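Chains as they are written, first to last, in the numbering used here: chain A, 6 to 251; chain B, 6 to 251; chain C, 6 to 251; chain D, 6 to 251.
To be clear, the hints were calculated from the coordinates, so they are not data collected in a lab. Note that the coordinates shown come from a computational prediction; the quantities given were computed from them, not determined experimentally. Each hint should be verified, as a subset may be incorrect.
You can't tell identical chains apart in this list, so a pair holds if it fits in one copy or across any two.
What the hints assert, rightly or not - Only pairs whose alpha carbons sit at most 25 Å apart, straight line, appear in this in silico DSS-like list of lysine-lysine:
1. Lys136 x Lys228
2. Lys12 x Lys185
3. Lys114 x Lys143
4. Lys51 x Lys227
5. Lys21 x Lys51
6. Lys9 x Lys202
7. Lys114 x Lys136
8. Lys50 x Lys116
9. Lys136 x Lys12
Number of protein chains: 4
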Amino acid sequence: MDNKGRKWMVKVERGKKFSIHLGDIKYDDIIGQKYGSSITTHLGKKLYIIRPTIYDHILKLKRKTQIVYPKDIGYIILKLGIRPGSKILEVGTGSGAVTIAIALILGGKGKIDTYEKREDIAKIAEHNINKLCGDEDKKIINIHIKDFTEANIPKENYDIAIIDIDAPWTALPKVYDALKPGGKIAVIIPTYNQVDKIMDELEGRFINIEAVEIFLRELQVKKGAIRPEFRMIGYTTVVLTGSKYS
Amino acid sequence: MDNKGRKWMVKVERGKKFSIHLGDIKYDDIIGQKYGSSITTHLGKKLYIIRPTIYDHILKLKRKTQIVYPKDIGYIILKLGIRPGSKILEVGTGSGAVTIAIALILGGKGKIDTYEKREDIAKIAEHNINKLCGDEDKKIINIHIKDFTEANIPKENYDIAIIDIDAPWTALPKVYDALKPGGKIAVIIPTYNQVDKIMDELEGRFINIEAVEIFLRELQVKKGAIRPEFRMIGYTTVVLTGSKYS
Amino acid sequence: MDNKGRKWMVKVERGKKFSIHLGDIKYDDIIGQKYGSSITTHLGKKLYIIRPTIYDHILKLKRKTQIVYPKDIGYIILKLGIRPGSKILEVGTGSGAVTIAIALILGGKGKIDTYEKREDIAKIAEHNINKLCGDEDKKIINIHIKDFTEANIPKENYDIAIIDIDAPWTALPKVYDALKPGGKIAVIIPTYNQVDKIMDELEGRFINIEAVEIFLRELQVKKGAIRPEFRMIGYTTVVLTGSKYS
Amino acid sequence: MDNKGRKWMVKVERGKKFSIHLGDIKYDDIIGQKYGSSITTHLGKKLYIIRPTIYDHILKLKRKTQIVYPKDIGYIILKLGIRPGSKILEVGTGSGAVTIAIALILGGKGKIDTYEKREDIAKIAEHNINKLCGDEDKKIINIHIKDFTEANIPKENYDIAIIDIDAPWTALPKVYDALKPGGKIAVIIPTYNQVDKIMDELEGRFINIEAVEIFLRELQVKKGAIRPEFRMIGYTTVVLTGSKYS
Chain A
6 MDNKGRKWMV KVERGKKFSI HLGDIKYDDI IGQKYGSSIT THLGKKLYII RPTIYDHILK
66 LKRKTQIVYP KDIGYIILKL GIRPGSKILE VGTGSGAVTI AIALILGGKG KIDTYEKRED
126 IAKIAEHNIN KLCGDEDKKI INIHIKDFTE ANIPKENYDI AIIDIDAPWT ALPKVYDALK
186 PGGKIAVIIP TYNQVDKIMD ELEGRFINIE AVEIFLRELQ VKKGAIRPEF RMIGYTTVVL
246 TGSKYS
Chain B
6 MDNKGRKWMV KVERGKKFSI HLGDIKYDDI IGQKYGSSIT THLGKKLYII RPTIYDHILK
66 LKRKTQIVYP KDIGYIILKL GIRPGSKILE VGTGSGAVTI AIALILGGKG KIDTYEKRED
126 IAKIAEHNIN KLCGDEDKKI INIHIKDFTE ANIPKENYDI AIIDIDAPWT ALPKVYDALK
186 PGGKIAVIIP TYNQVDKIMD ELEGRFINIE AVEIFLRELQ VKKGAIRPEF RMIGYTTVVL
246 TGSKYS
Chain C
6 MDNKGRKWMV KVERGKKFSI HLGDIKYDDI IGQKYGSSIT THLGKKLYII RPTIYDHILK
66 LKRKTQIVYP KDIGYIILKL GIRPGSKILE VGTGSGAVTI AIALILGGKG KIDTYEKRED
126 IAKIAEHNIN KLCGDEDKKI INIHIKDFTE ANIPKENYDI AIIDIDAPWT ALPKVYDALK
186 PGGKIAVIIP TYNQVDKIMD ELEGRFINIE AVEIFLRELQ VKKGAIRPEF RMIGYTTVVL
246 TGSKYS
Chain D
6 MDNKGRKWMV KVERGKKFSI HLGDIKYDDI IGQKYGSSIT THLGKKLYII RPTIYDHILK
66 LKRKTQIVYP KDIGYIILKL GIRPGSKILE VGTGSGAVTI AIALILGGKG KIDTYEKRED
126 IAKIAEHNIN KLCGDEDKKI INIHIKDFTE ANIPKENYDI AIIDIDAPWT ALPKVYDALK
186 PGGKIAVIIP TYNQVDKIMD ELEGRFINIE AVEIFLRELQ VKKGAIRPEF RMIGYTTVVL
246 TGSKYS
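Extracted from the complex, chain A is given alone in its bound form (with noise of 0.2 Å):
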């Protein structure tokens, strides 16, 4: 990071350096730094070595799809009473980033078993677990690369489900078997129509249903200046969850 909080992610490698318009920095003078020390470019300019959390790697997930926002998935979490133990099914790997920001939540216990009917779509998922997921983190992930509707799902196994896929009404019947009694979904529903046409497919099956939008505004944190930024992501999804009816 630099002066004015512009940001780099960056993977540290030995003999190589990492070059911007405020000058290079060799990669093995930063190997031995603490987090949160200061280095210094060819170019006498500073920069900060920050770790990123999985907020920023998520952000900077490579990806075909829209990505689900850190701030929805920390919703669906709590929402949802996510916690290491879970067993979850995934409909909609997309690029992976609510599996891994999950995952690192369950810390190797529970399970997630998330469906993508995309082939070139599950390998990117793959590159984004393998780069952020530790093997304990790894192990109990299962892609299944495979259209869901058509897939094989073992009844009642699942505490709660994810839905992330284009038209998620087609996936309800069968999440709703999957789940235990009382099991929770969260769907991500990024258009209104698509709220609207969900409805009459949760009806009889799912209760409790609520539906939130999220807005995250930042601030200018600058002393004797403090007001919000004047750009903003104005909308990300919509977020619908829901308790299985028995």
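With chain A fixed as given, assemble chains B, C and D onto it according to the hints.
Chains B, C and D only, in chain A's frame:
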């Protein structure tokens, strides 16, 4: 939950009953039922049995102080990269909402040292923790009933610190020392004046300072009449985050 | 207004008095006072005499239908370019909030033809108009108690049309004919389903279609404790605007 | 406007032409066309001729300072009750956005005295006023190129004052004197620090203090894919209003 989405959170006890305007239900009739099933009151009204998640619990916690809302806790978890194994320092236990939500995420691995100077409030936190955490979770929570600014805190010991007290700037020097290099902080800041005031104390100690405000708006999910709800919680807090500068 | 900002809107009448929990005030004691001055109740409590503006009046209007909020009316006025001289067609008078706000802007120049099919509602609008508009304003308002879709409307006669009825798409063909070339519309649309539904009828008739939602959040203005208010009206309506396509 | 909703604001002049990447259009071919009609470029692309409103003009004004957005001006107009006949004092002309929007509402009745201490900025305001106001509108606008705090202002002369300068508190004593009893103010305040700072100077001079922030979010109006736009202006200003206390 009734047909209109109104909810009551109850502890089911043998031999007792639940009475509301919709009628009575004997708890003995609930015991043995699956989550997600429905039951009928003596007045013939249908109620649904739903398993609450940590999200619901936080909103219903016994408290004397303003709680931190789940939307904000979910953001903090991902922003700081909280996961099983994290060693966490919490300054200001309050009602224990953050403590409990994080303890459930840690899943028995890691540590939470939490400081609360008011004994009456610490007692409430303890009550809430005992109610919502399992033995494994409780094992990693240490409530210290003392003023953090006067406590003896080990150095470079924590990955993450969360500060939620009236004058958060007073805790910063000690929090700085207590964090490992590159450690992360989140500060709960209710007013804009306090955001301004804390900037002085962050200077030179923390970098990568970001502050956000998160809005959550509910949607009316009624087939053919999808629209946001008219009422909304307009504000809860600013959440400021940063990384220790070495 | 009292010291806590609570307000009462009253019509001052000779010989009568105003009674609230803070005490009584004889209207005769108010008459002759300047706006902005204070007066003391018989219990010694201070009250301020404040001249209400159209903004306050709209929020207190007698009504049977959902009002259009001033924040949305203010947007419509500038977005459509309403000003003295504008010839305006209003479909759906409702409580008259929009009618009155615009009449005051027109200042006796221009015209408002407003249609309301329900007589009981039109009577409320008339009541409100009589209370808040001067003679010059009333002169340019014509309330037509009839179903707009069945009314005989002159062609290419209006600069601007504002539609606020249950099924706004039913009015569009006639509104199209009634507008001058390049005429502008604003449509008040409470649900997202209706936004979707109206698109078909706009197609080929109107261009430059834009839809917005306006949020208004109040700030607590307390020295040293500036922050947004906790409660907020989360939603009122979508406002859709467009230009007649010839 | 093209088929994708992109707009260009142009002044049509005989003998000249308009050139964009979609092709050229001779202005002579536009002259005589109705607003709302379409025209084809020499590359065969369709463009629509749309009459801009004050809303569009404000967003495109020539300027050296931050403009006040129409959403905020619309609020001010209704909140303060601006209408034909209002006598208005403006402190800080800036680019003239507020001056022009209000002049068009006054419709030649009333008065706007506007103060701007920087001559270069006043010149831009004059340029903008000349371009957008008719003779009747211009007649009631008086630009005073001087520092308001040092100007000689008549007492109890204005119904309404609008303040939009760097240090708005410096203008308050004089604004107070200039207003009629019960007169109203609106203050444009970009940062929260300034909201806090102005409170001291309001104390004892103005009552009924309210501050709001207005968000405007655009909706994607595409049949079958209704959702908010992803990008949004997250913040413009706080608008504080009040009434003179006598």
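How the hints compare with the structure:
1. Lys136 x Lys228: Classified as neither; 38 Å inside a copy, 40 Å across copies.
2. Lys12 x Lys185: For lysine 12 and lysine 185, the Cα distance is within 25 Å only across copies (22 Å; inside one copy 43 Å).
3. Lys114 x Lys143: For lysine 114 and lysine 143, the Cα distance is within 25 Å both inside one copy (11 Å) and across copies (18 Å).
4. Lys51 x Lys227: Within one copy only: 20 Å inside a chain, 40 Å across chains, cut-off 25 Å.
5. Lys21 x Lys51: Result: close within a single copy only, 19 Å intra versus 53 Å inter.
6. Lys9 x Lys202: Result: close only across copies, 21 Å inter versus 45 Å intra.
7. Lys114 x Lys136: Classified as both; 20 Å inside a copy, 23 Å across copies.
8. Lys50 x Lys116: neither (46 Å within a copy, 38 Å between copies)
9. Lys136 x Lys12: within (19 Å within a copy, 43 Å between copies)
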